[in-house]
Amino acid sequence: MQLFSCPFCGPRDETEFTFGGEAGKERPEPAPDVSAEDWSKYLHRVGNPRGRTREIWVHHTCGEYFLMERDTVSHVVAGTQSLRGGGA
Amino acid sequence: MAHSRTANRYSALSLVREGLRGHSGWQQAWRSPEPKAAYDAVIIGGGGQGLATAYYLAKNHGMTKVAVVEKGWIGGGNTGRNTSTIRSNYFYPESVALYDYSLKLYETLGKELNYNIMFSQRGVVTVAHSDAEMEIAARIVNAMQINDTDAELFSRDQVLEKAPLLNSGDQARYPIFGGVWQGRAGVARHDAVAWGYARAADGFGVDIIQDCAVTGFLIENGRCVGVETSKGEIRAGAVGIATAGNSGVVAGMAGFNLPIKSYSLQAMVSEPVKPCLDTVVLYLGTGTYLFQSDKGEIVVGGGIDRIPSYAQRGNPPVQATVLSGMLEMFPSFGQLKMLRQWAGVVDVVPDSSPIIGPSPVPGLYLNCGWGTGGFKAIPAGGVLLAHLMATGEHHDISRPFDLDRFRTGRLIDEAAGSGIAH
Amino acid sequence: MTSHRIGSLAAETLHFTFDGTRYHGRPGDTIASALLANGVRVVGRSFKYHRPRGIMGYGVEEPNALVDVTLNGITTPNLRATTEALVDGMIVRSVNASPTAADDRKGFLDRFAQFLPAGFYYKTFIWPDWHRFEPSIRAMAGLGRLDPRNQPPAQNPQIAAHCDVLVIGGGPAGLHAAQQAMGEGKSVMLVDDQPVIGGSLLSRSAEIDGKPGLEWAATVSADLQANGHRVLTDTTAYGIYDHNLVALWQRRAGQSDAQWRVRAKEIVLAAGAIERPLIFPDNDRPGVMLADAALSYLARHKVLVGRRIVLATNNDRAYPVADALRRAGAAVTIADLRPQASDGALASAKIEAVHGPKGVEAVTISGQRIAADSLLMAGGLTPSVHLYCQAGGKLTYDETIAAFVPRDDLPGIRVVGAAAGQYALTEILSLGGEPHPYAIAPAWPQRDAKGRQWVDFQNDVTVKDIALAERENFRSVEHLKRYTTLGMATDQGKTSNMNGLATMAALTGQTIPQTGTTTYRPPFVPVPFGVVAGRRRGEFFNPVRRLVLEREHRDAGAVFREYGGWLRPAWFGGANAAANIRREAIAARTTVGILDGSPLGKIEVIGADAGALVDYNSYNTLSNLKPSRIRYGFMLTESGVIYDDGVTSKISDEHYVVSCSSGHVAGVVARLEEWRQDRFDPARVFVHNSTPQWATLTASGPNSKALVAALGLGVDLDDAALPHMAFADGQFQAAPARVSRVSFTGDRSYEIAVPSAKAASLLAAMQEAGKPLDAVLMGSEALLLLRAEKGYVIAGKDTDGTTMPQDLGIIGPMQKRQNEYVGRRSLLTDNAQRPDRSHFVGLTVEGDTTLPVGAHGVETLNSKRRSIGFVTSSYDSPTLNRPIALGLIERGMERKGEVIDLVHLGQTFRARIAEPCAFDPEGARLNA
Ligand SMILES: Cc1cc2nc3c(=O)[nH]c(=O)nc-3n(C[C@H](O)[C@H](O)[C@H](O)COP(=O)(O)OP(=O)(O)OC[C@H]3O[C@@H](n4cnc5c(N)ncnc54)[C@H](O)[C@@H]3O)c2cc1C
Ligand SMILES: [Zn+2]
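Chains as they are written, first to last, in my numbering: chain A, 1 to 88; chain B, 89 to 510; chain C, 511 to 1438.
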């Protein structure tokens, strides 16, 4: 059972969180101008890094999405950060 | 054949003969050679998929200058960690073509490899818990029958006849309405599949190189011409990736991303008990499935962990879910103890179907994305990747599983079609 | 049978039987100590060869003494006799033996052992077919027997706790660490798997702080508790997980076992060490035991395991054991394997044979036969590093003590005492001074020895098996383990792993560290499944959601079923489902039906950007609705697939209520929230799920207006004021009541939403108002039927995970909308534009056969059958007096009027492709 720290609520059990995706993805728009390749990349391609990773997570208890940096091998969490401008 | 294996023919007779002389005559099951400078084909990953590919390159295509490079010990990845269920109860014709072909190969594999892989066709029943689920069960059974694989729609009584210890009381959270039965499905001895293929491939002269990690690719003029490894460079006419949960990492070395995310998938076994469960049971409601191994252990598995990870170890919340699911199904198993618990790193694809085909780099081919279900596909996956590497062309069965489906949107999503997550 | 108990037998008050014979034991006994006290030697049979076996260890390391125990008529299999407390009235049976362990029918198997080497089964049973052999192999395998009546209730609590320092192991090292931590003002938790604190002090005497060891231990433990720290005995730490979470299994007398999940800032691992057996021919004879175990039986249970004892050792720790045994009256011959031996001991001793198949009778040492009734082994200590390794710790081989020890401390994990290879008290307690000598000369297997030498006792793995694995290139320790099953028995290799890999090292000529160790996997000891699962069973497994009006519905004769996670009335009126559903459907078509629609989602989207968010979330534009108007539409996934459908009501430009199907409420809230935070200024739009606040009752049918009118809600029900797809706010008993005209049956309908607290009164009022109209209560099944007559789609039932809006013929937004929405680009992929997509259609059968749901349409091409889609809904329509069906059929919309073949479980059917809507296609009844 991992312990994640919501930037709003503090440390909580992993079961309160859901993985939202790798950070830094831009949604290509508008649809008619987006190539099949780019759309496919947006939908499906992932870095899937072994080691340090930046990810978007949501804490269900408060509903907030936030950024988490962690290691996919050691599970060490380097930090979490609000996505709201100016930080929390 | 590169070297003869006659002294090593396995049989009851040879066992007796060797028994009488202290088993001193058994040869190595496979050699451990140093890598050569170049091969016609190199396969990365000594799991079932990689080893089977090497075997079929030699057997079906006459290619024997072949190496399998494995960073640890063969079968040490998911092939040696899975719950060994083999079935072809799929919904889409593309899937049935793949998995039923595999099942057919499994049916004769022990004899073909001269290695007892203990394929036990004891049947798999997927239990439905409501009228609505029975309608979906019927949809699947009909699809399977149309696609020429065996399937039956089981009534509640038929389910209970196969697994009398199931929770059939009124208080059950998930009542038994019936289910999908596939009688040819079953389980096999996972290690034996890896070892059997390794031994047979070695018999053809294939080099199996353990403790040899691929660390990069040799790319010339945009084409893959070999691999860099912890034991030096190896050149190759064609390179295949069969690295399961590490496919994203290996693809990264060649400069591309895959639609694959890696997660832990856990399994657990009990202490051995005398026979008490004769089939494989999967509950739609709990997501837990289980069977009893030949040794007597109850082997139980469920869904993947919720957190992307390469840690290759289990996580208590999922354990609790899987095991409470099991006890909901078989209340009497509460008297048993968990003996071992482990996890593998599985390669999860958005549509949960494998990726078999050329990669974006010419000369480099993919066999990955098996996720939670690639053990059952080892023989077919091996044939298909071997075909690609030997001919550069898709086999008819692998065509739909090409990477290009993510661009065209033509996914093969079993969960979407059948309403059941596989 | 002679008693091996020292002193008075007056305390032998507990009765039990073993393999049918009656014995006595005393409080404090384990099953093992009681069996030894009674002189029982053969307690089990080995897994493969059915060799007679005796008790070898004292605790969790025991490989041989597994038993099935019946108490109060309920049997539990595979209990370890060495860790199971004796209870009066226990019926104990050996496992894997019949009729008794002493006289096992399958004992003959051992004579064929030479033909059954490691992995023999991979080499045979190939012809004619494995399945022929499997049943008999399976019957031979397995240990204990499952008792189908033994269904432990789901009562195992799971307790979460945290502390500064968790100390695992209550021996001197653990107690010392706990004492120190307490001194530093930290919160401490100390756990030990034994019933009493003390660890090695329980069997080996020592003086600490001027007190006898045990007294010191008791003082420290009492001190801890007096200062508010937790001390748990009978508690095993079995797993270390991420972020310093330790799982404990606590055995609680008279109560269900508990799981503790302890999050500790620091974990101190003081789990001690386990003695290794020595490897010599026939070292598995009953009566061959670990020296430490013999000492523990003596010190803790006053059981002397033998009178004429040979003690084989390769280290100094055995000498005090010999002294203790001698003091208790045994004759002890020390056979020291080392060249130099202390006074009286045989030096350079070589154990060549052990005589006595059912109990040691004599031992041949260096050519000399010595009569003996027990043979004790002191092969050196193996530190218990399991938890350290589970946490990712790396080991290093310490030549001086011939053992693997932790290389470094891990962040938040410290290993101390014998677990760290520190065996001397002075060292452990940092007292300085002379370290106690622990001179060990490793005695790894003798290559040249005759006879079989066991390494893994339970699984019958001998040195020869390891040699075979080496010969066949199963040299990696992981291959060795899997091929020979070394270390895979229920003792998980606690006594065998080290000897096994040392043997492999000797065979390959590599060093022990080069050979390496296998992965340590949880759990440290087998843990009851129920402890890991906890109380999540039955309804706790996955709680169903319940309606506010459940009781009222039950009183009205509802039969409940689960729909989308909610327990809802399926129909009213008892067992005859078909007749009742038909009755309800007819009433709803001819007069009025009342339905509880409360689980339907009511998600409020509020704020300046509310319109933009609901538009983005939806395939259909919603923001251009007029206030008080409602629109039906779809939500897609980013892959363009229909996620859900539902109606959205516009309250104002800055306030919408999104309704969705009951099973999708959480999902729709989540996606609205995700896009809100991802694309919008979260200060300008808010999402609030108000589903549980409201109860919704629907009146549907030609008389619904009359019924609602009678409720006096203060709403103008005139069709001009409240047309179809509009809503109005009124009041019910002084509470707000929203009346919406939406219809899922195709008939005029009114949905009335009131605060949940008013649900019962509203239902009563509607039933009252409905009486003169012959209104009926209707369940979900009738509703499903009525909507099917109208060809209204149910997302998830009539669509699958590939269905896109164009497959339902709804292409307007795709063609006309100019702004972005979820899934937009995916509607343009090759796959979305494929000509052979499956479309949502009606299916008309001639005659009166109802099509089975799940039947597939088929087409035969070159004599190969192919599915062209399937039936998703099918009913015998009471309104139309004929069967109706809906389905997803390839190119269905272009093939209207065509007749197709269908199959279901080998039966064939024919049906004509039709419009989905079979009833009132003009929609006249909405306003009738
Ligand atoms: C707990 C669990 C239960 C499962 N249950 C089932 C089941 O019941 N039925 C079923 O069909 N499937 C099941 N699966 C899935 C199945 O195990 C896998 O899909 C299958 O084994 C994949 O085989 P593979 O050969 O592709 O991968 P693996 O066996 O994982 O082999 C990949 C190999 O690649 C090696 N490798 C990785 N990177 C490198 C590198 N850089 N250089 C060299 N070598 C490298 C790895 O060490 C590994 O040995 C389960 C999986 C798990 C984890
Ligand atoms: Zn939070």
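There could be a bad hint or two in this list.
[To be verified] Cβ-to-Cβ under 8 Å is the rule here; a few derived chain B residues that face chain C:
1) Ala125
2) Asp128
3) Trp161
4) Met206
5) Ser256
6) Gln259
7) Asp279
8) Asp382
9) Pro419
10) Leu424
11) Thr496
12) Ala503
[Unchecked claim] Some chain C residues well away from chain A (every beta-carbon gap over 10 Å; in silico):
13) Arg532
14) Arg536
15) Asn737
16) His753
17) Ala934
18) Gly1083
19) Ile1320
20) Arg1335
Just so you know, these hints were derived from the structure itself, not from any lab. We put the beta carbon where it would ideally sit given N, CA and C, even for glycine.
How the hints compare with the structure:
1. Evaluation of the Ala125(B) hint against chain C yields a violated restraint, the C-beta minimum of about 23 Å exceeding 8 Å.
2. Violation of the interface hint for Asp128(B) is found here, the shortest Cβ-Cβ separation to chain C being roughly 24 Å, above the 8 Å cut-off.
3. Below 8 Å, beta-carbon pairs count as interface contacts, and Trp161(B) has one with chain C at about 4 Å; its hint therefore holds.
4. Given hint, Met206(B) at the interface with chain C, holds; its Cβ is 5 Å from that chain's nearest Cβ, closer than 8 Å.
5. Interface hint at Ser256(B): violated, since its Cβ lies 12 Å from the closest Cβ of chain C, which is beyond the 8 Å cut-off.
6. About 6 Å separates the beta-carbon of Gln259(B) from the nearest beta-carbon of chain C, less than 8 Å, and the hint is met.
7. The criterion of a C-beta within 8 Å of any C-beta in chain C is met by Asp279(B), whose closest approach is roughly 5 Å, and the hint holds.
8. For Asp382(B), the suggested interface contact is upheld, since its CB lies about 5 Å from the closest CB of chain C, less than 8 Å.
9. Because the beta carbon of Pro419(B) sits about 4 Å from the nearest beta carbon in chain C, less than 8 Å, this interface hint is met.
10. Interface restraint check: Leu424(B) against chain C, minimum CB-CB distance 6 Å, threshold 8 Å, status holds.
11. Annotation: Thr496(B) was flagged as interfacial toward chain C, and the flag holds, the nearest CB pair being 4 Å apart, inside 8 Å.
12. Using the Cβ-Cβ criterion of 8 Å, the hint placing Ala503(B) at the interface with chain C is satisfied: the shortest such distance is roughly 6 Å.
13. A cut-off of 10 Å between C-beta atoms confirms that Arg532(C) is not in contact with chain A; the least separation is 47 Å.
14. With a cut of 10 Å on Cβ distances, Arg536(C) stays outside the contact zone with chain A, its closest approach being about 42 Å.
15. Distance to chain A confirms Asn737(C) as a non-interface residue, since its nearest Cβ pair spans about 26 Å, more than 10 Å.
16. Taking the minimum C-beta to C-beta distance to chain A, about 4 Å, the non-interface status of His753(C) is violated against the 10 Å cut.
17. Every beta carbon of chain A lies more than 10 Å from that of Ala934(C), the smallest distance being close to 35 Å; the non-interface claim holds.
18. For Gly1083(C), the condition that its CB be more than 10 Å from all CB atoms of chain A holds, with the nearest at approximately 40 Å.
19. With a closest Cβ-Cβ approach of about 17 Å to chain A, Ile1320(C) is found to remain outside the 10 Å limit, as its non-interface label requires.
20. Distance to chain A contradicts Arg1335(C) as a non-interface residue, since its nearest Cβ pair spans about 4 Å, not more than 10 Å.
Checked against the numbered hints above, the structure violates hints 1, 2, 5, 16 and 20; every other hint is satisfied.
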